[in-house]
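Undergrad: If you read the sequences in order, they're chains A and B. Residue numbering for the first sequence follows the numbering used here, starting at 42 and increasing by one per position. Residue numbering for the second sequence follows the numbering used here, starting at 343 and increasing by one per position.
Note that these hints are calculated values from the structure, not bench results. Predicted model, so just to flag it, every value in this text is computed and none were measured. Treat each hint with caution, since some may be false.
Straight-line C-alpha distance at most 20 Å; calculated PhoX-like pairs for lysine-lysine [as the list claims (entries may be wrong)]:
#1 A/Lys101 with A/Lys142
#2 A/Lys142 with A/Lys118
#3 A/Lys97 with A/Lys109
#4 A/Lys142 with B/Lys413
#5 B/Lys399 with A/Lys142
#6 B/Lys399 with B/Lys412
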Amino acid sequence: GDSVTQMEGPVTLSEEAFLTINCTYTATGYPSLFWYVQYPGEGLQLLLKATKADDKGSNKGFEATYRKETTSFHLEKGSVQVSDSAVYFCAPRGANFGNEKLTFGTGTRLTIIP
Amino acid sequence: NAGVTQTPKFRVLKTGQSMTLLCAQDMNHEYMYWYRQDPGMGLRLIHYSVGEGTTAKGEVPDGYNVSRLKKQNFLLGLESAAPSQTSVYFCASTQSGSFYGYTFGSGTRLTVV
């Protein structure tokens, strides 16, 4: 089945630092790839996605590129803000039968200090 | 556009009591899910449904039952609550097709004492 390996947290950065959260996946077929964000006390929200190789998803200054050759979808942001403090989840969704179940990693907790 | 609505938002139960959590979506999504989230455990799938009248077990189904009598609603039941079921429960929905993401509710915080 599908699986995902995410960078272990927690991650603590200073404001305006560069952020990378690593994500690698295994999935059957040709999956779509997603990053979700969970702010304190809230549910998960879709942050960005990419549906084919070399696609770059972007939103709120975050970016991630679908790298099929390395099965990776690393999340990056050039200058983080305190408001980016949250838990981030990487998730592949397979293209074959069985794609009804999205596989989540354990999440990476990010804390940005002023 | 409400998206996914979960009720209640908070609940305290005594061991052995029963309750039902309601999830409602207004996006005409085929697929619906119940997850639980515990510290350090990420999201774990309890049950899911790929259409009205269908349900299937996820990775942690024991102690829970579900029903999907209407397309827009997905109910999660605890017949005899246990302290191990203290958790935050999230409902989610999506369309068929791998390029669609999930829409989540805001969660139900359940404490079993």
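Undergrad: Please go over all the hints and tell whether each is borne out by the structure.
TA: Status of the hints after comparison with the structure:
Only pairs whose Cα atoms come within 20 Å are accepted, and A/Lys101 paired with A/Lys142 is rejected, the gap being roughly 27 Å. A distance of roughly 28 Å separates the Cα atoms of A/Lys142 and A/Lys118; the hinted pair therefore is violated under the 20 Å criterion. Note on A/Lys97 and A/Lys109: the hinted pairing holds, with a Cα-Cα distance of about 12 Å set against a maximum of 20 Å. For the hint pairing A/Lys142 with B/Lys413, the CA-to-CA distance comes to about 18 Å; that is within 20 Å, so the pair holds.
For the proposed pair B/Lys399 and A/Lys142, the alpha carbon gap of about 11 Å is at most 20 Å, so the pair holds. Pair hint B/Lys399 plus B/Lys412 holds up; C-alpha atoms about 18 Å apart against a cutoff of 20 Å.
Figure legend: structure checked against the earlier numbered hints; hints not met, in rising order: 1, 2.
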